[in-house]
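Novice: Start from chain A and add chain B according to the hints.
Here the protein sequences line up with chains A and B, keeping their order.
Taking this note's numbering, the leading residue of the first sequence gets 673, the next gets one more, and so forth.
Taking this note's numbering, the leading residue of the second sequence gets 611, the next gets one more, and so forth.
Fair warning: there could be bad hints in the mix.
[As the list claims (entries may be wrong)] Okay, the calculated beta carbon distance ranges per label pair: (1) A:Gly-730 / B:Pro-665: 39 to 47 Å; (2) B:Gly-643 / A:Met-773: 33 to 41 Å; (3) B:Arg-631 / A:Gln-830: 25 to 33 Å; (4) B:Gln-641 / A:Ala-769: 17 to 25 Å; (5) A:Arg-790 / B:Ala-622: 45 to 53 Å.
[What the hints assert, rightly or not] From the structure, some residues in chain A lie toward chain B, with a derived Cβ separation under 10 Å: (6) Ala-718; (7) Lys-736; (8) Val-737; (9) Ala-755; (10) Phe-775; (11) Glu-779; (12) Thr-783; (13) Leu-793.
[Claimed, not checked] Footprint (simulated), chain B over chain A, 3 or more residues, beta carbon under 8 Å: (14) 761-774; (15) 798-807.
It should be emphasised that the hints constitute simulated quantities derived from the structure, not laboratory data.
Glycine residues also receive a C-beta, built at the ideal position from the N, C-alpha and C atoms.
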Amino acid sequence: MRQQPRRPEESTSVNSLAIAAITAKTMTLPDGIDGHQVRVGCDVLAIQDVADSVATFGDRYLRKVFTSGEIDDCQGHYFHGLAARFAAKEAVIKAFADPDMPFPLREIEITRDGPLPRLRLSGSVAERARRQGWLSSSVSLSHADCHAMAVVVVICKQGAR
Amino acid sequence: MIQNQVREVLAAHGRMAVDPREVDDRADLYQLGLTSHASVDLMLALEEAFDIEFPEEVLKKSTFESVHNIAQVIESLVKSSV
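Looking at chain A on its own, in the form it has when it is part of the complex (with noise of 0.2 Å):
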């Protein structure tokens, strides 16, 4: 596929910040290149802090938290899978970088509808997501014997908010 022309004023940007990295004993790395932004956000979780939460508040818990097409995707290995959901939804939310805005945690889902999980919003946080300009997203979930971690990273278009 053929690159698209950058256009002049981009080009001078570019151009301007490998000079100053070449030239400068120390660098400020910009947050965003040719229009978009990276966003990423990570978080790591016991596992056994989300079988103690469903042993103690069941139904609540799970209904709180995850979506029912979560739940389903766990079965085989539950509290590992959701473990390492919910570091999945943390890592998105860390990934807005904006502690005022509510998150309500099923707005946010881990899907699995191929070989990798993907990354679904809905509602506020969708809203929220269009707003700062979220193009696309890659998710990588781990786990060990005693913790879960997500990784979340975001392309967006620079400067919205």
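Specialist: Same frame as chain A, but now just chain B:
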């Protein structure tokens, strides 16, 4: 008093590094070890203790940031449910 009840629920479900019954009411609970996952447990336990339901608009980090903030939100929810 709401704040004392909040402290008791925090002690039972907050999994904090310190005894929440002895912290300042404006102290940052996240700095004292409250995790985002423990704040979900805390919310569920507070709903039981006060017979309330936290609406989606208050499910944000600042709500659970201090004993003072939690008590304020609970007070308004209790008032609106009467």
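Novice: Against this structure, judge whether each hint is valid.
Specialist: Hint check results:
1. Against the hinted window of 39 to 47 Å, the Cβ-Cβ separation of A:Gly-730 and B:Pro-665 comes to about 22 Å, which falls outside the hint.
2. For the pair B:Gly-643 and A:Met-773, the beta carbons lie near 23 Å from each other, so the given range of 33 to 41 Å is not met.
3. Remark: the range hint 25 to 33 Å for B:Arg-631 to A:Gln-830 is contradicted by a beta-carbon distance near 47 Å.
4. Taken as a hint, the range 17 to 25 Å holds for the pair B:Gln-641 and A:Ala-769, whose Cβ atoms sit roughly 19 Å apart.
5. Look at A:Arg-790 against B:Ala-622: about 37 Å separates their beta carbons, and that is not inside 45 to 53 Å.
6. With 10 Å as the threshold, the beta carbon of A:Ala-718 comes within range of chain B, its nearest partner Cβ sitting at about 8 Å, so the hint holds.
7. Taking 10 Å as the C-beta contact cut-off toward chain B, the hint placing A:Lys-736 at the interface holds, the least distance being around 7 Å.
8. This hint holds: A:Val-737 has a C-beta 6 Å from the nearest C-beta of chain B, less than the 10 Å allowed.
9. A cut of 10 Å between beta carbons decides the hint on A:Ala-755: the least distance to chain B is about 9 Å, and the hint holds.
10. Look at A:Phe-775: its Cβ gets to within about 6 Å of chain B, closer than 10 Å, so that hint holds up.
11. Evaluation of the A:Glu-779 hint against chain B yields a held restraint, the C-beta minimum of about 8 Å falling below 10 Å.
12. For A:Thr-783, the suggested interface contact is broken, since its CB lies about 21 Å from the closest CB of chain B, more than 10 Å.
13. Checking A:Leu-793 against chain B: minimum C-beta separation of about 14 Å lies over 10 Å; hint violated.
14. Counting residues of the region 761-774 of chain A whose beta carbon lies closer than 8 Å to any beta carbon of chain B gives 6, which meets the minimum of three for the stated coverage.
15. Counting residues of the region 798-807 of chain A whose CB lies closer than 8 Å to any CB of chain B gives 0, which falls below the minimum of 3, so the coverage claim is violated.
Hint compliance for this structure: hints 1, 2, 3, 5, 12, 13 and 15 are not met, and every other hint is.
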